[in-house]
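Chains as they are written, first to last, in full-length UniProt numbering: chain B, 1 to 348; chain C, 1 to 348; chain Z, 1 to 348; chain L, 1 to 348.
Everything labelled a hint here was simulated from the structure, so no lab data went into it.
Be aware that one or more of the hints could be misleading.
The list makes no distinction among identical chains, and a pair is therefore deemed to hold if it is satisfied within one copy or across any two copies.
Claimed, not checked - Heads up, simulated BS3-like pairs for lysine-lysine below, C-alpha to C-alpha not over 27 Å straight-line:
1) Lys75 x Lys31
2) Lys31 x Lys314
3) Lys4 x Lys31
4) Lys314 x Lys4
5) Lys4 x Lys104
6) Lys54 x Lys194
7) Lys4 x Lys75
8) Lys194 x Lys217
9) Lys54 x Lys259
Every value quoted in this text rests on a predicted model; they were computed, and no experiment measured them.
Below, each chain spelled out in residue letters.
4 protein chains.
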Amino acid sequence: MKDKIFDLITFGRSSIDLYSQNIGADFVDIKGFDAFVGGSPLNIAVGASRLGAKASIITGVGNDKIGDFIINFLKKQNVGTDAIPRINGARTSAVILGIEPPDKFPLVYYRDNCADNQVTIDHVIDANISQYKILEISATALSVEPSRSAVFYATEIAQDHGVDVVLDIDFRADQWKDVRSFGLMVRALLPKVKIAIGTEEEILAATLQNAEQISIKHQQISAPEIKGNLDASIQKIISSGPEILIVKRGSKGVSIYYKDGQQQDVPGFPVEVLNVLGAGDAFASGFIYGYLQGWSLYKACRLGNACGAWVVQKPGCANDMPYYKEIMQFADSRGGLMPNEKETFMVH
Amino acid sequence: MKDKIFDLITFGRSSIDLYSQNIGADFVDIKGFDAFVGGSPLNIAVGASRLGAKASIITGVGNDKIGDFIINFLKKQNVGTDAIPRINGARTSAVILGIEPPDKFPLVYYRDNCADNQVTIDHVIDANISQYKILEISATALSVEPSRSAVFYATEIAQDHGVDVVLDIDFRADQWKDVRSFGLMVRALLPKVKIAIGTEEEILAATLQNAEQISIKHQQISAPEIKGNLDASIQKIISSGPEILIVKRGSKGVSIYYKDGQQQDVPGFPVEVLNVLGAGDAFASGFIYGYLQGWSLYKACRLGNACGAWVVQKPGCANDMPYYKEIMQFADSRGGLMPNEKETFMVH
Amino acid sequence: MKDKIFDLITFGRSSIDLYSQNIGADFVDIKGFDAFVGGSPLNIAVGASRLGAKASIITGVGNDKIGDFIINFLKKQNVGTDAIPRINGARTSAVILGIEPPDKFPLVYYRDNCADNQVTIDHVIDANISQYKILEISATALSVEPSRSAVFYATEIAQDHGVDVVLDIDFRADQWKDVRSFGLMVRALLPKVKIAIGTEEEILAATLQNAEQISIKHQQISAPEIKGNLDASIQKIISSGPEILIVKRGSKGVSIYYKDGQQQDVPGFPVEVLNVLGAGDAFASGFIYGYLQGWSLYKACRLGNACGAWVVQKPGCANDMPYYKEIMQFADSRGGLMPNEKETFMVH
Amino acid sequence: MKDKIFDLITFGRSSIDLYSQNIGADFVDIKGFDAFVGGSPLNIAVGASRLGAKASIITGVGNDKIGDFIINFLKKQNVGTDAIPRINGARTSAVILGIEPPDKFPLVYYRDNCADNQVTIDHVIDANISQYKILEISATALSVEPSRSAVFYATEIAQDHGVDVVLDIDFRADQWKDVRSFGLMVRALLPKVKIAIGTEEEILAATLQNAEQISIKHQQISAPEIKGNLDASIQKIISSGPEILIVKRGSKGVSIYYKDGQQQDVPGFPVEVLNVLGAGDAFASGFIYGYLQGWSLYKACRLGNACGAWVVQKPGCANDMPYYKEIMQFADSRGGLMPNEKETFMVH
């Protein structure tokens, strides 16, 4: 990773995220929405940039004002926007979200014919992935062509040029005609992935055998309930290619699984939850930042957990990612990243 | 129209309308949006209902929270929702709008694979159009199948059962693969239409010969600039079928064109403009209400003009339609609906 | 019609027609197919050309060998091919047909994403319709965009330039997502049509109220059974616009219906049937040829009937259309076109 | 492979193949076509069945007479048809082909919305792949969803149940929106493949870096010219997963590449060529039959070469596959399968 000019390029969804201004209100009674930006890979690029990394994003926006809105925001966040094509005839994605803590966060995706699904192999070629240390991919980009082929192409380029591939097993059930395709495409990509990250539900989804295992309540597309054997799923994922699988467990922190069978639990930072959306992306941005510094995986995950804890207390995702100084103060005030100095495993 | 149980059923678009809370701000600087509902036929149904008419709407919503939001609002407005199917696999429409008075109102339509385009002939059959006095149609519903066939079917049913057809020559250029198709479909429908309503631009659009005549600035989809000969276009429309064509001229009011060549100008009510969107729909709801009362066209148009003036002072569309009492007070305070008692033409 | 350079331009389907070489064989036992060309408007253009008319066709072919095959054939038939665009990315239509006389003629249409459905308004503009005396349209071109808009545009151009519009109420049930759309689009077009032609089944289809009225046996797409009141349907069609409706009744000949309520039966020429496909198109080509000569409708229909009788004895459609001399000999040998000189009505 | 009930199940394209009856004629002069069946995996299943294997096919056919035609043929060939769903709303594939030896074999695919692309994961589940010794896949089934996911699912089932996966790197350029997607999907599948088979052109296509490398002359979709470094491409394929790569070299026979770097050339049987189409599939059926008998790869390839030589002398593909007795006589009359008894490598 030494000779690379830039740190991180993410690939996938981007959107205007419209969050209810009426916390706790039933969706039909909402009076207004705050205008944020979002999409897992966008959140991660912004989070990493705020922490200090040189980050860019490969995504697509339409030739519309929402596209302007997103690009304007990214530029203010020092996230590179050169790899964001304007897709004529396609619309910039949008998401409309209700906030009913503690457990209801309904959301509606406007992703029919969306611009970020229209990223092509040629757009990937233009993105110069070989100049980055890490390529982070959102699995939702595998849901349709041409972005599916573009993802496979991007990971091959990354492999050929020594760029580490991080896969966020980002699962949005309503984006797949057959939800079982999600796991099939993820597993086809995993041999080229170094580090995979997912929630317990996403790991179950990535090894799903039949559609009946999934149920979605309160239109919480981002938090489906999925039945299955989690341990078996974790083993199936880790044996399919990646060196490391990080399982996100919410307030409990994360667990790191290694190819050789070892496992490490990394505790989280307990806080009061306002909005869980974006917490996983905050984790990824913190983890990736630590990984880029050459920290142990344990320490990198601790920073990730701190970032996640920071964001669940805020309404937005990308807009509320922490800056380096403030997240370190936050961590220090809660025992620090390495409370017991007990880290043991090193990678790289 | 005597033996009908209900007054008005409208047909076409419905959406959540998200209006900038930062009046005058450049789009990229918007911080939040007010949550209203909109769509021309929805606005008209709500406006007519508030004035006192028994109104319903034929539209489609998705199986999502935005659909709940719209139906909940309509029920509160006493607009009938029995003819609104939930369309699985399609999304409720959304519109995101900036407000930069006096002349920039950019908007972004989320209408790819939208539910209101998925209304079918069977949905129209279920709507019992024969029980209404007026069927009001939004021309945008002609842009794609199956709603296009459903519109033609609805107008035939209306004709067969003595229901007056009012066509709003609602033109949204980005909803048509070939903008010339708009006029072709409108003109194919006009033989079955009694009263057509449109802005000057929409009338030019409905007689468009080549796509180069259109230009759209500031992404103001609802207000394109179109070159052409307006008088010739008006004659082409009125000779294609309808008994009456009403041309909306903004603050100048409207002009009524009759098949026999007569014309009548109906002045507007001068007010300060906050947001022009929805004004035309407010006009239609007022006009239709007056028409239902058996008023002269002149008087009905005056009420329409009053409603339009009322709404341009407000941020929303459907949400800010006037009630009967308040609009009559508004009109009376400005000289009344019939200042000179000079009305001459009667229809029905 | 006097000042026109050319006689006839048809608009719609074109295909390679592959007819079983094993007459009477069950479809699964077919060993080979004869290679003909077909498609109603193509057949009519070829038939009219063979009789002596200056004919062209507006259709689309793919950038493939089947397109070459069709264009090569048309050139040999002196049919103008300047209005046939090559549509990249779309396939030239194909039809595969079994022949099991007397009553089973199963056929399989290859029309998914076919080139003749991709004809646009711009292609129509290039076709110079104003230079022809007659525009003949196949109603199947109304089934999808962009050819649907192109048909409406073509009929408007024809009307504006004194070109008579003949509509073949060509019904292919499997080409319509909702079969009721067929009649809706036909009826929307009829106000611009001078002469409509259809079989009894097609006239029922054009006034269809519910899909259950249709049944198709032995995959005979071109000969559905449709329940309904034929007299009422004829009245609905003739009152919707055209001056004349010609109902094709197979071996019984045709009936001419006039707007003023008059009706005239024109007897056919009894022959032994080999293949009914193409008979209706042969009728249209003969009728149009007679109409172009200024003959009475009766006499023109007699020539049409003779052409139909000629073609049912042959395996092919376009390939077996009669030349002027041979069809006149055929008619003369069977009593001539005007056996009793009893024709009474004149149009033009 | 011991405990399996059946020998071979193939997966992918099936079609009616219409071959010119006018050998050598320019396409536009063709008078008729012989009706055969085809599609690479169908040909292979038929070929293997005729040699003596218990073979089935997973493909899709429409609810049409062409579907009947194909299923009727397969039943006569003792090929299992239980895994062939009837796909409503999709058409059975068709191919129309000219024959102009020695080097022009233009063909036109009718595959828009075709039934064999509509095979789903559920269809694969119904196919009971675990009961077969070999799953043979045609790479064209990777071109679109849902058959792409179905292929990935099928290979996973095969791996989980000890079924050897043979991949035919079947490349049809016009079936891919971006031809580079072909190689990306093939390479994503290769880790699950035991034996890959392809022509030199197909191997170049599977490692294609840019679309300009491909050119197609005389509409010979099945024989594109592709520029590239063949040795590098072979190494890239073999290192991507399979134990064995067999390169088909036409009349020169085939070459076997092993993961450990060894290579073995297997000479062909020189004959006069009538129609090259189907030769590769004949090879695959012969090779697979030999492999199933536990023969050396060399001997299995020799049988494959004999079958290929047999078929190039015939007009058809599936219809002209050899039976065991006749192909052994053919081989014996030309020196036998193992002329020098020099085989050395064994697999299994």
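Against the structure, the hints:
Taking the closest pair of Cα atoms, Lys75 and Lys31 come within 27 Å of each other only across two copies (17 Å); inside a single copy the shortest separation is 30 Å, beyond that limit. In the homo-oligomer, the alpha carbons of Lys31 and Lys314 lie at most 27 Å apart both inside one protomer (19 Å) and across protomers (16 Å), since each shortest distance falls under that limit. Taking the shortest Cα distances, Lys4 and Lys31 never come within 27 Å of each other, neither inside one copy (48 Å) nor across copies (37 Å). Neither within a single protomer nor between protomers do Lys314 and Lys4 lie at most 27 Å apart by alpha-carbon distance, with minima of 34 Å and 55 Å respectively.
In this assembly of identical chains, the alpha carbons of Lys4 and Lys104 never lie at most 27 Å apart, being 42 Å within a copy and 45 Å across copies at closest. For a Cα distance limit of 27 Å, the shortest separation of Lys54 from Lys194 inside one copy, 20 Å, qualifies, whereas the shortest one across copies, 42 Å, does not. Within a single copy, Lys4 and Lys75 get their C-alpha atoms as close as 22 Å, which meets the 27 Å cut-off; across copies the closest is 59 Å, which misses it. Taking the shortest alpha-carbon separations for Lys194 and Lys217, neither the intra-copy value of 33 Å nor the inter-copy value of 43 Å comes in at or below 27 Å.
In this assembly of identical chains, Lys54 and Lys259 lie within 27 Å of each other by CA distance neither inside one copy nor across copies; the values are 29 Å within and 41 Å between.
In terms of the numbered hints stated before, the structure departs from hints 3, 4, 5, 8, 9, listed from lowest to highest.
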